[in-house]
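K.L.:
Chains Y and H, in that order, are what the protein sequence lines are. Under my numbering, the letters of the first sequence match residues 1 to 164, in that order. Under my numbering, the letters of the second sequence match residues 1 to 289, in that order.
No wet-lab data here; the hints were simulated from the structure. Keep in mind it's a predicted model, so treat the numbers as computed, not measured. Don't take each hint at face value.
[To be verified] 25 Å max Cα-Cα, derived SDA-like pairs, lysine to any residue:
#, chain 1, residue 1, chain 2, residue 2
1, Y, K116, H, F70
2, Y, K116, H, N191
3, H, K44, Y, T58
[To be verified] DEER-style ranges, computed between Cβ atoms:
#, chain 1, residue 1, chain 2, residue 2, range
4, H, I89, Y, P147, 29 to 39 Å
5, Y, P30, H, Y33, 42 to 52 Å
6, H, Q204, Y, D94, 30 to 40 Å
7, H, N87, Y, S132, 38 to 48 Å
8, H, T105, Y, P30, 43 to 53 Å
9, H, E60, Y, K103, 36 to 46 Å
10, H, F149, Y, P30, 54 to 64 Å
11, Y, I140, H, S242, 46 to 56 Å
The beta-carbon is built from N, C-alpha and C at its ideal position, and this holds for glycine as well.
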Amino acid sequence: MVLPERRPVPLALYLLLVLISCILYVTPLPGAGNIRIDAVALLVLYLNFYRPVSWPLTLGFCTGLLQDLVAFAPLGQHALGLVLICFFVPWMRDSLRMLSPLKQLPIIVGMLLSLKFLSSWVTALNLGILPSLEAFWAVILTAIFWPLIVGQFESAPKIRRATL
Amino acid sequence: MPADRHIFREGPAPLRGAVVLSLLAVVLLGVNYFTDWLDPVRAKALDLVAPLYHVTNIPERLRDWSQENFASREEILAENQTLRDQNLILQARVSTMTSVVAENTRLRQLLNVAELLEARVLIAELVGTPPDSETHRLILDKGQDQELFIGQPVLDSQGLVGQVVSVGDEYSEVLLISDRGHAVPVQNLRNGVRAIAEGTGDFQRIRLRDIPITMDVTVGDEIVTSGLGDRFPKGYPVGKVSYVSAVEGSPFLEVEIAPDSNLQTTRHMLLLFSGWETRVFGQVSTEEN
């Protein structure tokens, strides 16, 4: 079953959301050391699940490059991960959107872990260091926000209507 | 609005686009790894994205501002008294240091050793820390405009913090001594034993590498920079030995030190200018603080 097309989000709004998510991404959490919420990955995942775009790969790539610049990471590190996310999410989008946000959570954790794995792999090649446990705490912390975001912007009645 | 002008639409993305963009990302990573062509881009990006980090500091600055402006008279008087006491103690220490410095100078003359250069410093403030749990880096609010250079040592009031690794016009990026990619030549202040201190990825621990099992190292020894390699000047505190253990079957000791500097909490840092950079980068004129 193919779900109906959603209301488009203007490009300006997309850029604003990316900027806000970048600020959230670099904001330190009190007492959490270097653990940060990957708000950019959450935004890209959310848009790909619920607001599919015309140029998902290009926008994902550019967003990833911006994230690389913001995080002072090697250029391409996050861009590669977000391109792959933008490519694979549409294949499972329709079936996943029928699930409740909590039931989507394991898949979101899996995707964020894959992103982190890819990112750690690049870091390992670049600097010769393996990922620390902090990296995986960051994934769990980020994933916790998924049901909150989806619950806030995609209320249950809308989802039920969409699945009819 | 016609449908083709919408930027959002359903349907999977084409495989060809994914392959092309993934390859582009891999090429960028390769260029970054094998060449330094992207370093100027990173330096420029430093100036562009550092203001984002300023935004994240707004709550903390508001809290500091409110503490400064709404502190009671009693609190200000108490703080003033504490500062007076500290000033008295420091003045007493400086007066004893004068005689030590004079004695040191005489001994150096006797030994015909060149005088240590007077270090000039510039105070910089922390702007933020990049959101990467694998690396320990800081962004400072000073850059090329203040004559900063790559490799410049960074200290806080307690000891060595790290070194500058990227310089933008107004901001710079610092690699901390606790980063797993950082190493610094050090020596034991008690007996002069030299070693390499490398980061472990833990802010509280730095490892001393390749210390032979016969070497005299004990918990509590003060470790300072050795000055070898011309990157860090000699004699700046790095940390104290916190753990020594002999590993069965290994010819080396396992030695860890606790950094003297407050790597996670310090907000103001000293950028060290000395004589060695003038040999490489020409005459450096810095503002002294």
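K.L.:
Please name the hints from earlier in the document that this structure breaks, with their numbers sorted from lowest to highest.
P.N.:
Checked against the structure, the hints that fail are numbers 1, 2, 4, 5, 6, 10, 11, while the rest are satisfied.
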